[in-house]
Amino acid sequence: MDERPRLSLNVPEPEVRPGDTPDSSRVVIPRAGTVPRPPVDVDPKEIRDLAYSIIRVLDREGEAVGPWAGTLTDEEVAAGLRHMMTLRAFDARMVTAQRQGKTSFYMQHMGEEAVSCAFRMALEDGDMNFPTYRQAGLLIAGGYPMVDMMNQIFSNEADPLKGRQLPIMYSAKDHGFFSISGNLGTQFVQAVGWAMASAIRNDHRISVGWIGDGSTAESDFHAALVFASTYRAPVVLNIVNNQWAISTFQGIARGGSGTFAARGLGFGVPALRVDGNDYLAVHAVAKWAVERARRNLGPTLIEHVTYRVGAHSTSDDPSAYRPKTESDAWPLGDPVIRLTNHLIRCGIWSEERHKQAEAEVMDTVIAAQKEAERHGTLHAGGKPSVRDMFEGVYAEMPPHLRR
Amino acid sequence: MPRMTMIEAIRSAMDVAMGRDEAVVVFGEDVGYFGGVFRCTAGLQQKYGRSRCFDTPISELGIVGVAIGMAAYGLKPCIEIQFADYVYPAYDQIVSEAARLRYRSAGQFTCPIVIRMPTGGGIFGGQTHSQSPEALFTHVSGLKVVVPSNPRDAKGLLIAAIEDPDPVIFLEPKRLYNGPFDGHHDRPVTPWSKHPAGEVADGHYTVPLGKAEIRRAGSAVTVLAYGTMVYVAQAAAEERGIDAEIIDLRTLLPLDLDAITASVKKTGRCVVLHEATLTSGFGAELAALVQEHCFWHLEAPVQRVTGWDTPYPHAQEWDYFPGPRRVGEALAAAMEA
Chain A
0 MDERPRLSLN VPEPEVRPGD TPDSSRVVIP RAGTVPRPPV DVDPKEIRDL
50 AYSIIRVLDR EGEAVGPWAG TLTDEEVAAG LRHMMTLRAF DARMVTAQRQ
100 GKTSFYMQHM GEEAVSCAFR MALEDGDMNF PTYRQAGLLI AGGYPMVDMM
150 NQIFSNEADP LKGRQLPIMY SAKDHGFFSI SGNLGTQFVQ AVGWAMASAI
200 RNDHRISVGW IGDGSTAESD FHAALVFAST YRAPVVLNIV NNQWAISTFQ
250 GIARGGSGTF AARGLGFGVP ALRVDGNDYL AVHAVAKWAV ERARRNLGPT
300 LIEHVTYRVG AHSTSDDPSA YRPKTESDAW PLGDPVIRLT NHLIRCGIWS
350 EERHKQAEAE VMDTVIAAQK EAERHGTLHA GGKPSVRDMF EGVYAEMPPH
400 LRR
Chain B
0 MPRMTMIEAI RSAMDVAMGR DEAVVVFGED VGYFGGVFRC TAGLQQKYGR
50 SRCFDTPISE LGIVGVAIGM AAYGLKPCIE IQFADYVYPA YDQIVSEAAR
100 LRYRSAGQFT CPIVIRMPTG GGIFGGQTHS QSPEALFTHV SGLKVVVPSN
150 PRDAKGLLIA AIEDPDPVIF LEPKRLYNGP FDGHHDRPVT PWSKHPAGEV
200 ADGHYTVPLG KAEIRRAGSA VTVLAYGTMV YVAQAAAEER GIDAEIIDLR
250 TLLPLDLDAI TASVKKTGRC VVLHEATLTS GFGAELAALV QEHCFWHLEA
300 PVQRVTGWDT PYPHAQEWDY FPGPRRVGEA LAAAMEA
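Chain order of the listed sequences is A and B.
Every letter in the first sequence is one number past the one before it in numbering that gives the first Met the number 0, and letter 123, counting from 1, is 122.
Every letter in the second sequence is one number past the one before it in numbering that gives the first Met the number 0, and letter 186, counting from 1, is 185.
Because the hints were derived from the structure by calculation, they are not lab data.
Bear in mind that the values here come from a model prediction, so they are computed numbers and not experimental data.
Heads up, a few of these hints could be off.
What the hints assert, rightly or not - Simulated restraints, written as ranges between beta carbons of each label pair:
1. F123(B) <-> E14(A): 31 to 41 Å
2. T205(B) <-> R98(A): 50 to 60 Å
3. P310(B) <-> T20(A): 47 to 57 Å
4. H203(B) <-> G257(A): 51 to 61 Å
As the list claims (entries may be wrong) - Pulled a few chain A residues facing chain B out of the computed Cβ check, cut under 8 Å:
5. R163
6. S170
7. V188
8. V191
9. W193
10. D219
11. P398
Glycine included, C-beta positions come from ideal geometry on N, C-alpha and C.
The following block holds chain A by itself, in its conformation from the complex:
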């Protein structure tokens, strides 16, 4: 008889499931301001610790502290808050519009607003993002017209993408926003290719790749890191770790490595973890990585630690797989509330001013929605033509499509 222990399969499970009480005490969160800020030309080997820590700027009292603080003026921070509030209001209206049958599908950002809104402010016009479906803050903060976003969501006659794409799979080349695929992970390696092209042409522009925690398991992620590392591509590679890949907790994709950021270490790519619910920290880390890329120092991998408060999409119900109270227990708080508290503490914002801003933002969103709906919604009013379905498959329509 074989005395050796029998093999068994390890299938990771989250610590809590529906009905359990969330316990965030095991999440190790360093105090704000405690993680050092290395020079951008640092040897990646010297900052391996940053792949296991969390860079934070805003402390519990709303004070911006430590070496990563101070990358934005008060006015810029106030504008940042407005971007996040706008995105939140936009989401709220569009989720409702989907429930009203004005579109087939929607994906909201609740809890993750800081990541894309703050990152956009570290980029220059001409840079190119290769986003996933949860970075609409890049468009909002970049000044892309909300009405065009809604026209796309409603697949109406004014849809810039002519009704061809699933709602929220925007494309806005002039705003540095690559066409969203919906095929997870594919854009990550394309971002590296865009950056390589910029380097081949001795340009100044850089690119930014985006991927979710779950999709880091795709081969595209690894190909992106190999190519970025080998050719020292001027690219910033972002992992948005919002803890959940639809119903699958992040431990399934992460496996035995301590963090997602740590994946960069084996490729010799500087890897940083940042508090994704801290607008100021995201901006500071983005600025650091963007400067590295711009100075031809190569790629950076950033893990944004955040939490998907909402459902994955309008087709998802998270209460089936995680405790309803888990988001309240999330230790990094809410990005909008945290930045609001910071501005109040700085003396340039108030509860009253905030309420007023919320109303203004909602008015702007509603006005945009009214304008978009004049062009139609998915099942009512103006819609793209059937001709739009056949055109644009090729530059020139081939005979078999003409017949």
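Chain A is fixed; fit chain B onto it per the hints.
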């Protein structure tokens, strides 16, 4: 006029394209310093520098993925997949990304890339160096699919493909690299240096995509073929003494349907050839089109001669390969019906 092998003609096409347009870049596995395992890119790195012709990691997904990003930037990558058999890791990038980018972004982003890959059997390459995956690409809206059969066409088609605004799958029949192979594996092959199609002009010229060419005019039966099978068809027709009209399709997508229907309406008979497996192969599309457009002219059922529906074998290569004997039998059957 200079004489070139198909390898030299393909290299010349890339040389011409790189010389005319700085946006053209060439890369792939072993493509840079060494010049490719089939030598198709030899000398290009030396001539145009490492940033325009370079080696890549062994990641077909990565090669195609970065090419798409480069195309979105404004470059025109002409990339090599070392064997068509290796393309599958890149399939998602080709099908979901390259092919649809223009459409899904309403023309904001386009994907003018060429994906070159050696295709087909006849070199004792076994299942991983012999496949003909063209039907996996002709099924995809947004791609163009090209299969040249001689050096002159290979150069003109490749330049046309590089200049094309959309993604092109460029399948190079590796058994034709050094000479026209007619399927008689036990006989010597005439090198391209002694074949008229080995005369290849220096400099720039194009062969338009989407245009077939009649290789042998005839009146008895139409043979639809591409790549290596063009020569197998010629040998079979000659050996059987059948006055076949052999059409070299050259581009499978978009297809030159006018050339096909004109010929079949004349002959009333049609045999379709390819090395790839039978079921759901490109021959099925050809047979369907012929019956849709030429039904009242047909005197006999459309015949298909293809590889068997098995993985490509090693020792049994010549039992698998649709050689002149099997093609000749199909020609005879089409004539008898």
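Going through the hints against the structure:
F123(B) and E14(A) have their C-beta atoms about 57 Å apart, which leaves the hinted 31 to 41 Å range violated. With their beta carbons about 54 Å apart, T205(B) and R98(A) fall inside the hinted range of 50 to 60 Å. With their beta carbons about 55 Å apart, P310(B) and T20(A) fall inside the hinted range of 47 to 57 Å. For the hinted restraint 51 to 61 Å between H203(B) and G257(A), the CB-CB distance of approximately 56 Å keeps it satisfied.
At about 6 Å, the closest approach between the beta carbon of R163(A) and any beta carbon in chain B falls short of 8 Å, and the interface hint on this residue holds. For the restraint placing S170(A) at the interface with chain B, the shortest Cβ-Cβ distance is roughly 4 Å, inside the 8 Å limit, so the hint holds. The restraint placing V188(A) at the interface with chain B holds, with a minimum CB-CB distance near 3 Å, inside the 8 Å limit. At a threshold of 8 Å, the smallest CB-CB gap from V191(A) to chain B is about 6 Å, leaving the interface hint in force.
Against a cut-off of 8 Å between C-beta atoms, the interface hint on W193(A) holds, since the closest Cβ of chain B lies about 4 Å away. Restraint check, D219(A) versus chain B: the minimum CB separation of about 6 Å is within 8 Å; hint holds. For P398(A), the interface hint holds, the least distance from its beta-carbon to any beta-carbon of chain B being 6 Å, beneath 8 Å.
In this structure, the one hint that does not hold is number 1.
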